[in-house]
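**Q** Now for the letters of each chain:
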Amino acid sequence: MVFFVASKGLATFFTNGVSVSEFLTGIKWSPDGEPPSFGALPFITGSFATSILAACIAAPLSFCAAVFMTELMPKFGKRFMQPVIELLAGIPSVVYGFVGLSVVVPFLRSIFPGQGLGIAAGAIVLSIMILPTITSIATDSLSNLPRGLKEGSYALGATRWQTISRSILPAVLPSMLTGVVLGIARAFGEALAVQMVIGNSPHIPRSLFESASTLTSVITLSMGNTVKDTVQNNVLWSLALVLLVMTFVFVGIVRLLERRARR
Amino acid sequence: MRMSNKTADRIATAVFYFFAFLIIAVLASLIGFILYRGLGQISWHFLTSPPETFKTGGGIGPQLFNSLFLLVLTMIITVPLGIGAGIYMAEYSRPGRFTDFIRLVVEVLSSFPSIVVGLFGLLVFVQYFDLKFSLLAGALALTVFNLPLMVRITEQGIRGVPREQKEAGLALGLTRWHTITKVLLPVSLPTILTGTILAAGRVFGEAAALLFTAGMSSPRLDFTDWNPLSPVSPLNPLRPAETLAVHIWKINSEGVAPDAAQIAAGASAVLILTVLLFNLGSRWLGRFLYRKLTASR
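As you go down the protein sequences, you meet chains A and B in turn.
Under the working numbering, read the first sequence as residues 2 to 264, first letter to last.
Under the working numbering, read the second sequence as residues -3 to 293, first letter to last.
Only chain A is shown next, with the shape it has when bound in the complex (with noise of 0.2 Å):
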């Protein structure tokens, strides 16, 4: 899989004679128009901003669920809260992508100026679509903890936030992190519900509430409408080579943070 998407993606600088640095730092892209310009860092920005964002507002609501369901209400939590997160999990993006269309778009349109589509409701839906994923980790990790760490806390006569803080927040932090690059990763990934919610125009936002692009937008876009190899079709293959190499570098980042925690 690595090779064919690599082949089709490398195709652009080798064959069609686009530089590489152009292509990673050209902030214009208009494919179709003379000369052709092909710069995606409009993408690579719109992508990482919205994924960023949506982990930003995803972990720490994460974190506070993982600790209500596991120290303050562990039966409530267990019965009630987990399967809901699990099922969350478990809803197709696209109808993310349709709540965020149909709800969270108009609410930003009325408070915001500009017409709410943009980095703002994409960070939004897509912190809704990772709060299961680094909530059911961070639980994980919380309740494997070891008992004697809590109860010296609470023998020690700290408070319930004091262990929290200071004991507990510490030794999970390493999991923690795996479970929110995880999230960036899915984040980084998703396409359609993104797509719905973006606005899709090739521009560096200047504003959160403007419309922008991601990496897998531009490909949903405009995979369809392009003729097979031609300029303007290898340079998506290009960009999908770019969210290629993100997912390797997140493995990376887990795998690394995975063994850091075992040590």
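Straight-line distance between alpha carbons at most 27 Å, and here's what the computed DSSO-like set of lysine-lysine pairs gives:
hint, chain 1, residue 1, chain 2, residue 2
1, A, 76, B, 2
2, B, 2, A, 151
3, B, 178, B, 162
4, B, 162, B, 288
5, B, 288, B, 178
6, B, 288, A, 79
Bear in mind the hints are in silico, worked out from the structure with no lab data behind them.
Predicted, not measured: the structure shown is a model, and the values here were computed from it.
Using the hints, position chain B against chain A.
**A** Okay, now just chain B, sitting in the frame of chain A:
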């Protein structure tokens, strides 16, 4: 003045409660919203009639059928492969470089963005093997997407079997193969089955990988023609097929029917209900099988 520890504790507890209930509220309203908007749309007519491009009153019949048929096709390919590979990983593989490498591949494969899987499917199955936009190409792409999950589920299921049970089988003079089929598989069946149903739910809702493999159009189907080789037969695996999830995406981004929003709402509700059904079904079946096979209550 410094806040006392007790006050800080109370505030923190309140904050935790607040966020937890906020999340529950968001999730509940999410599902509630979809069902509320969508349930009104669902009727027998909606579920069975073909979609309309320019008029109101279109249904989702062919899409629903396509989704189910694609699910069956994918599972026919994925389940034997996944269970086989899982058994290998749990029982036959020796720890070492090669096994580590397989594990890494499986892990990377499972974190590939689904759109990249779809593009790969477009390149290899649709163009290279010349399957065109077809159900079969879609099923193969979904196999790539689903296989790592199946392998992991099977491996976990088999590793979860107590050592003594396996050793008892071997001690009775059973061959390794017999031990696997008569001892390990039955005991781990509930786990594997639950996982499979959850995987099926994921397949059912997947859209990005299908855009460029199963295609975005559905030819007129003749539901009285059950010859799998005829191009208008619903059973023909080589015809293009638009699934329910793809349909939702399509009418949201380029739909021109005046009631596109309602149809999307209805289709979303159907999708969610199906996933819900898969979820509850897997829980129930897992518990039922576990009781039946292990004589515990």
